[in-house]
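**Q** Sequence:
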Amino acid sequence: MAAQSSSYHRDVAEQKRSAIVDAATSLFLDLGYDRTSLAKVAVEAGVSKATLFKQFPTKAALFEAIVDASWNTKSNTTVEPHPGSLRAGLTSIGRGYAELLTQPSMAKLFRIVIAEVPRFPELGRTQFDLGKMPYFDSVRAYLDAENARGTIRLDDAELAATQFLGMISNYVFWPRLLLVQWTPEDDAVLHVVDEAVEMMLARYCRGVTPTP
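Just so you know, we're using this note's numbering here: the sequence shown kicks off at 379 and counts up by one.
FYI, nobody ran anything at the bench for these hints, they're computed from the structure.
On a predicted model such as this, the values are computed, not experimentally measured, just so you know.
Treat the hints loosely; a few may be bogus.
With a Cα cut of at most 20 angstroms, we get these calculated DMTMM-like pairs of lysine to aspartate or glutamate [as the list claims (entries may be wrong)]:
id, residue 1, residue 2
1, LYS510, GLU494
2, LYS510, ASP446
3, LYS427, ASP400
4, LYS510, ASP534
5, LYS418, GLU442
6, LYS427, GLU442
7, LYS418, GLU494
8, LYS437, GLU477
9, LYS486, ASP389
10, LYS437, ASP522
11, LYS432, ASP446
12, LYS510, ASP522
13, LYS437, GLU392
14, LYS432, ASP389
15, LYS486, GLU500
16, LYS437, GLU500
17, LYS510, GLU536
18, LYS418, ASP400
19, LYS437, ASP400
20, LYS432, GLU442
21, LYS418, ASP389
22, LYS510, GLU477
FRET-style restraints, in silico, Cβ to Cβ [as the list claims (entries may be wrong)]:
id, residue 1, residue 2, range
23, TRP552, ALA438, 18 to 28 angstroms
24, TRP552, ASP408, 21 to 31 angstroms
25, SER384, HIS569, 44 to 54 angstroms
We put the beta carbon where it would ideally sit given N, CA and C, even for glycine.
The task is simple: from the sequences and hints, build the whole structure.
**A** Shown next as structure tokens:
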């Protein structure tokens, strides 16, 4: 009985935490980071201020939670496939990355940061250090593993990761910041990922014949 009660309370706490993060994301986007108070977030989330402060004592801590929620999704589980087949590994990474970038919260998060970073540079640092860089580092680590295995030959895994992710984000994500209705078809997104994979194979796997 005690275990069931404990599980119930954890579930309730998690539901409230999710509601707080969702409310904060919406308010930050509508009002800006500076004009959004924790009290407003509590009202929007339907929780008491005591509940909110218990989980997020500062607005900075709440923003960190938003970054974490945006970057750590199910898509992230595909970031580090086992090395051995560069085509399969990059396809898995690329599709996961495209899925990550097309979730609505990601564009919202970047808009918040871009709008507020001149006055609150720590927001940009949080987004970079807690979101973008851990993801990028996992892709670079995968390429290093493929290089060590002999699947590919490269001198700069950081540059290779930048090239691959950039080819995808330049089509899938960045137009969304200016074109609110930018929603490419699923087939178009998959095509962009496949073409990015083929370009990586052609550049780093000598002797590999690209797919017709």
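**Q** May I ask which of the numbered hints given earlier this structure violates, with the numbers listed in increasing order?
**A** 8, 9, 10 and 21
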